[in-house]
Structures are given as structure tokens and as C-alpha cells.
Amino acid sequence: MNTTISAAPATPASYDPIFNLAARILLAAVFLVNGYLKLTGYSGTVGYMGKVGLPLPEVMAILAIVIELGGGLLLVIGWRTRWAAWLLILFVVIATFTAHRFWSVEAARWFGEMNNFLKNAAIIGGLLLVATYGPGALSVEKR
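Just so you know, the sequence shown maps onto residues 415 to 557 in the working numbering.
For the record, the hints were derived by calculation from the structure and aren't laboratory data. Since the model is a prediction, treat every value here as computed from it, not as a measurement. For glycine and all other residues, C-beta sits at the position ideal for the given N, C-alpha and C. Just so you know, not all the hints are guaranteed correct.
Cβ pair distances, simulated, as ranges [what the hints assert, rightly or not]:
#1 R557 - A522: 23 to 33 angstroms
#2 A522 - A437: 32 to 42 angstroms
#3 W493 - G458: 48 to 58 angstroms
#4 Y429 - G467: 20 to 30 angstroms
#5 P426 - W517: 35 to 45 angstroms
#6 L552 - A522: 37 to 47 angstroms
#7 A522 - T425: 47 to 57 angstroms
Make the full structure from the sequences, and use the hints.
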């Protein structure tokens with residue numbers, strides 16, 4: 415008599431909630447870290463916003479901090495996730511076309527700005543997935 419007990423193998427779908435949470439945390443880390451750095455280096459943030467030509471740099475700095483910290487936190491906990499993702503998409507699109515115009519910089523800065531532009535495009539891609547499919551099972555929304 416064979417008494418071997420075997421568990422069913424894990425399927426890729428069984429990992430979905432964990433991978434979804436990990437993706438949200440990794441995306442959120444970008445915004446949480448940058449929001450924190452903008453907050454702790456507020457005067458530098460305001461100076462940079464003015465340098466790239468944004469109107470009302472003090473207001474824009476506060477708005478960027480609130481969007482990055484608030485949106486990042488919402489992604490981590492999985493509450494109002496689709497709304498947060500769309501807000502962050504809008505934020506990243508504006509930031510990308512304001513601060514990373516690789517097509518109009520001198521040769522010494524071209525590679526860095528193009529690289530930042532493409533990284534932001536990848537972040538937008540991740541946010542589009544969150545906006546489309548929602549937060550997944552491991553979220554406040556799904557409780």
C-alpha cells in the first residue's frame with residue numbers, strides 16, 4: 415500500500431496576489447522615496463521646479479510632494495488604487511515632458527535625460543496595469 419501524500423503543485427495563478435502586492439510596493443517605492451526627498455529638501459525642490467520653468471514653484475513643490483507621498487501610500491495599502499494610479503500617471507507624464515526633454519538638451523546630458531524619460535515610461539506602464547486590473551486580493555479594497 416502506497417501512503418505517499420503529495421500536495422498539488424503551486425500554479426502561477428496562485429502567486430498572483432503576492433506578485434500583485436510586490437508590484438504595487440515596488441512602484442510605490444519610487445514615489446514614496448522621491449516624495450520624501452522633495453519634502454526634506456524642500457528649498458532645493460522649489461529651486462528645481464523654478465529652473466525647469468514651472469509656474470508657482472512653491473505650490474508645484476507642495477503638490478508634487480502630496481501626490482507622490484499620498485499616491486505611493488495608496489498603492490501600498492491598496493485603497494483607491496485605480497484612482498491613485500491614474501493620478502500618478504498624469505503626474506509622471508507631466509514630470510517626464512517637463513524635466514526629461516532629452517531631445518532638447520546638450521550632448522553631455524542627452525543619455526541621462528533619455529534614460530530617465532524611458533524609466534518614467536516604464537513606470538507609466540506599470541501604473542497602467544494597476545489602473546486597469548486594480549490592486550488584487552491583498553489590498554484594503556478587497557477586504
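Each hint, compared with the structure:
1. R557 - A522: 23 to 33 angstroms: violated (51 angstroms)
2. A522 - A437: 32 to 42 angstroms: holds (35 angstroms)
3. W493 - G458: 48 to 58 angstroms: With Cβ atoms ~31 angstroms apart, the hint is violated.
4. Y429 - G467: 20 to 30 angstroms: This hint is violated: roughly 45 angstroms between Cβ atoms.
5. P426 - W517: 35 to 45 angstroms: holds (40 angstroms)
6. L552 - A522: 37 to 47 angstroms: Hint holds: Cβ distance 45 angstroms, inside 37 to 47 angstroms.
7. A522 - T425: 47 to 57 angstroms: Given range 47 to 57 angstroms: holds, Cβ gap about 50 angstroms.
This entry does not satisfy hints 1, 3 and 4, going by the numbered hints stated previously.
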